[in-house]
Amino acid sequence: MELFFQQLTNGLAVGGIYALIALGYTMVYGVLKLINFAHGDLFTIGAYLGLTLLSTLGLTDHLGPFGVVIALAVMVMGLVAVVGIILERIAYRPLRESHRLSAVVSALGASIFFQNAVMLIYGARYRVYPHDILPRVVIPIFGLNVPLLRILILLTSIVMMAALYFFIQKTRTGTAIRAVAIDQGAAKLMGINVNAVIMIVFLIGPALGGAAGLMVGLYYGQINFTMGWIYGLKAFTAAILGGIGNIPGAMLGGLLLGVIEAMGAAYISIAWKDAIAFVVLILILIVRPTGLLGERVAEKV
Amino acid sequence: MKRNIIYLLLALLLAVSPAFLNAYWVDVLNNVGMYALLALSLNLILGHAGLFHMGHAAFYAVGAYTTAILNTSFDIPVLWTMPLAGLIAGLFALMVARPIIHLRGDYLLIVTIGFVEIVRIALINNVFGITGGANGIFGIDRPYLFGFKIRKPHEFFYLIWGFMAVTVFLFHRLENSRFGRALNFLREDDVAAEGSGINTTYYKLIAFVIGAVWAGMVGTIYAAKMTIIAPESFNFWESVVMFMIVILGGAGSIRGVILGAFLVIGLPEIFRGMGTISDLINSLFSSFGVTLSLDFSNFSKARMLIFGAAMVIMMIFRNAGLLPPLPRKYPLKKIREEMRIREEVRIREEMKIGEEMP
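Residue numbers (our numbering), protein chains in the order written: chain A, 20 to 320; chain B, -9 to 348.
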């Protein structure tokens, strides 16, 4: 039973990371009907930027452990958001009126570009995050020893998701985003600046992805330039699992996929861990392409 | 006509090129040929049927492993396993493609990426205990053709490009057939195609199977050429490279795909060899007091970066690829003949109606 609960908390933490990345996919899909293949690489860029900022700025000298992480997260999210906006401007905006699959190829090209840019800048080997940023303590919860980092990651991702949900549901801008997702043309006629909305989406999505990258760096301690596409693929699976275009769906799908994967690794086979997510993806697309919470995009598949 | 003469000359040039090149460059040409073959088989699925398939490396792997297992465990000569490798890859494609064939565009892309990963993980985990795990299979025999052992790059060159000649001929016939037209129709508009009586599922599956059969047979050549195969040779990036060749070269165009293979596989090799030239330029400039640090050989490292950017730029400015397919020809003579016959029939009918009138 101990193993079960350890895997459950681990799965929830990893699932929180998947959910943050999945939100980027699902928001972009919502407004542009495009799978942003480069999103996974924005996540990688976030992880590497975190490492660079950590090693060059010397934040640890001035701030406490939590101050460092918060400052780092704000900077990484800001920088990755800038990259996301540039990506949209260069690779996606010129193709908005053209065939949908042209944009997909463009997204793939951008993904390959980013991945190799990271490789050329940082090298192909694994890079290691410093171990002593956050105190490595375990917290006993109901007799279970859960690492502090795991709890922090889960809490942070839940807070971010809740903030996003509030933003989308309750604010004017959020309403505009939802309107554009439903009907771009009609939204334009109602006086919504569609370009601005798309830019906001490409600001929020990559920012969350970048934050997830930083979390992976802190949690696992090592990062690699190819990790973006495997995390991206799993996060995309999470988005599909919850119903693509659906924001609560992405959150649910991410947490669920994290738990499924952790349980599969513990009870089926650790060697097949990466395959589990893909099997889930294929099964979902065959059996229920709209996902668990999705209904709107049935005809899109 | 003029175009055909150019192609003939290029083919002749290629055929005699091993006589002037060393083993390294012949091997580069062999790699170009292998990727061109793979990309041609993918072209049928991606270019003609318009199915976004990024798991082609999985079929390639199935073919290569079939050959490797049959050859090392059952001592079947390598080239004899070729049809079987194709057949098994085709059956595998039929099996995996059937449930996902109705998925559209980007969804299909994601699922096929999933498949190629599952195949790779299965190979690493030594599925059925016959794939040799992460180390793969080694000790595959060299192929014999008419009692002649194929061993050197120069010899493989003629095997690969000979197979290429056959492939180009067959695929050219295929794309001008009723089957090829049906694929193009469902690529342009599958609802309209379905409405015109084309069984779209059937045609999409056949495209998948033929593409997979060909990839499987190229897998045989790969196994024979390397004599050792491992799961890492069939990862997702192999699929990406094939996909890139088709998209950059020109989806649906044989000449475009072959050009794409030369660019994506051959060009980085040319730049790798140009390190000495950039050194020369650097020393030339430094003698004038200007310090340059050009290094053309770096290009091979940055090739994916450049091709990735090229994909974005290509989609914006020239989204049919470098050499897009030529428009289909409909001989005017035949159309006129057809129209004349119809006209005659119409006149005859009218006359008949006129006679019957009181």
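There may be inaccurate statements among the hints.
As the list claims (entries may be wrong) - Facing chain B, from chain A, some residues (calculated, C-beta under 8 Å): (1) Ala110; (2) Arg115; (3) Val123; (4) Phe132; (5) Ala136; (6) Ile140; (7) Gly142; (8) Ile287; (9) Ile305.
Since the hints were made in silico from the structure, they are not lab data. Note that beta-carbon positions come from the ideal geometry of N, C-alpha and C, so glycine has one too.
Worksheet entry | chain B contact restraint for A/Phe132 - C-beta distance below 8 Å | 3 Å, holds
Discussion item. Let's test the interface hint: is any C-beta of chain B closer than 8 Å to that of A/Arg115?
Written reply: 11 Å, violated
Worksheet item: Can we keep the A/Val123 interface hint, with Cβ of chain B closer than 8 Å?
Response: 5 Å, holds
Worksheet entry | Status of the A/Gly142 interface restraint (C-beta, 8 Å, chain B) | 11 Å, violated
Discussion item. Quick check on A/Ile287 please, does its C-beta sit within 8 Å of some C-beta on chain B?
Written reply: 12 Å, violated
Worksheet item: Can A/Ile140 be said to touch chain B, with a Cβ gap under 8 Å?
Response: Violated, about 10 Å.
Worksheet entry | Supplied contact hint for A/Ile305, tested at 8 Å Cβ to chain B | 5 Å, holds
Discussion item. Just to be careful: measuring from the Cβ of A/Ala110 to every Cβ in chain B, is the smallest value less than 8 Å?
Written reply: 5 Å, holds
Worksheet item: Does A/Ala136 meet its interface restraint, that is, does its C-beta lie within less than 8 Å of any C-beta in chain B?
Response: 6 Å, holds
Violated hints, in rising order: 2, 6, 7, 8; the structure is consistent with all others.
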